[in-house]
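Chains as they are written, first to last, in this note's numbering: chain A, -7 to 212; chain B, -7 to 212.
In case anyone wonders, no lab produced these hints; they're calculated from the structure.
Among these hints, one or two may not hold up.
Since the list gives no way to pick one copy over another, a pair counts as held whenever it fits inside one copy or between any two copies.
To be verified - Cut-off 25 Å, straight-line C-alpha distance, at most; resulting in silico cross-link-like pairs (BS3-like, lysine-lysine):
#, residue 1, residue 2
1, Lys24, Lys124
2, Lys30, Lys202
3, Lys173, Lys30
4, Lys24, Lys208
5, Lys143, Lys212
6, Lys180, Lys74
2 protein chains.
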Amino acid sequence: MPAVKLDFGPHDIGCAGIAMNKEALKEEADMKKSLGAKIIVGATPVWIVGTYDTAGKPNLMAAAWAGVCCSDPPCVAVSLRKATYSYGNIVRHGAFTVNIPSADYVKEADYVGIASGRDVDKFAKMKFTPIKSDLVYAPYIQEFPLVLECKLLHTIEIGLHTQFIGEILDVKAEEAILGEKQIPQLEKINQFLFSPGARTYYKIGDYIGKAFSLGKEFEK
Amino acid sequence: MPAVKLDFGPHDIGCAGIAMNKEALKEEADMKKSLGAKIIVGATPVWIVGTYDTAGKPNLMAAAWAGVCCSDPPCVAVSLRKATYSYGNIVRHGAFTVNIPSADYVKEADYVGIASGRDVDKFAKMKFTPIKSDLVYAPYIQEFPLVLECKLLHTIEIGLHTQFIGEILDVKAEEAILGEKQIPQLEKINQFLFSPGARTYYKIGDYIGKAFSLGKEFEK
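Build out the structure end to end from the sequences listed, making use of the hints.
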């Protein structure tokens, strides 16, 4: 019987490793499962994007491919397919609003993501009140707790989606969601989240703690 | 006494509106409070970005200015300040990983957002195991439930932040977070969220329901 050749490379496995081989170590290193090139990222926001069409009719669409992308100037990015009615509206007017729904409006927000503004007046159908921004040519939803008024800064063609980067000219919030120092509190916004892959919605959960603070114990 | 001239524009206020005037209606329309041009958007993700430096040392940074930006090719965007150590690493190697922490690692993730890779080996300090991606030149965190391996596609200079758009070449997940059809479940990822403005962290909350489904009741 030949002697077993152990080749652990740079790993130091100690005495317990005598029965292990390189393959076993490799498995430990690669124990995650490959799911392929997919959009699986945990939670994304659900933002409702407000625009005007050529006739000045307010329209809405739901964007989950979205997020913050710069602090100064303060900017958000929303990605849309060219096929959407909102795409042309943003290109034409260089403006959009981001409307953040509370979980009370999850059904309405979901409908906004199903229907097209070509076929239906989503504001009227959802009984939303369109408020014309006085900063950009775009409408926002009176009934939602938090809205951003955005001027288009950059348009990035990526593939199926085009990313629109908008500078936030103002944030408008319902008084009821404001906490200390007039800062909106996540519990009060009562926003909900989207889970790609599973295609499901979730609420915001419990408060954990302060950022740029919890980790300080490791500085010692 | 002159007759009161009622001018409600397109609004139909009915009989109860007889005592209202235009100013009152305007107030109703503008009852949101202006907070200024700030990053206040509800929740953002907390993604830990993995890179190698010139010496091949793995580094990490925390990104909350981040999100999905395209379905095909599947892409994510992360925004970094030029001053970060990771910025040069991504520019140099054209690759990064996105590591999604469970709430068990909120302190470690917070520390990653406080310290700089110029001063400290964050992998070693956090006792994270760096795994070299076999798809891109970037390391991922073995201890985290969900990781994306990304090839840099676009670099967009916005202002204080530069946005890096990366194509997801693979998603790797711990078996334990997989649900039906091998799709990760948000409850099991146990991710946490960041609230800009308040600068606080929150857990993911309760399941609400299925997307592209809840809104169908309005199609009737």
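Tested hints:
1. Lys24 / Lys124: Classified as between; 13 Å across copies, 49 Å inside a copy.
2. Lys30 / Lys202: For Lys30 and Lys202, the Cα distance is within 25 Å only across copies (19 Å; inside one copy 32 Å).
3. Lys173 / Lys30: between (40 Å within a copy, 14 Å between copies)
4. Lys24 / Lys208: Neither way: Lys24 and Lys208 sit 30 Å apart in one copy and 37 Å across, limit 25 Å.
5. Lys143 / Lys212: neither (44 Å within a copy, 35 Å between copies)
6. Lys180 / Lys74: Classified as neither: same-chain Cα gap 34 Å, cross-chain 34 Å, threshold 25 Å.
In this structure, the hints that do not hold are numbers 4, 5 and 6, in rising order.
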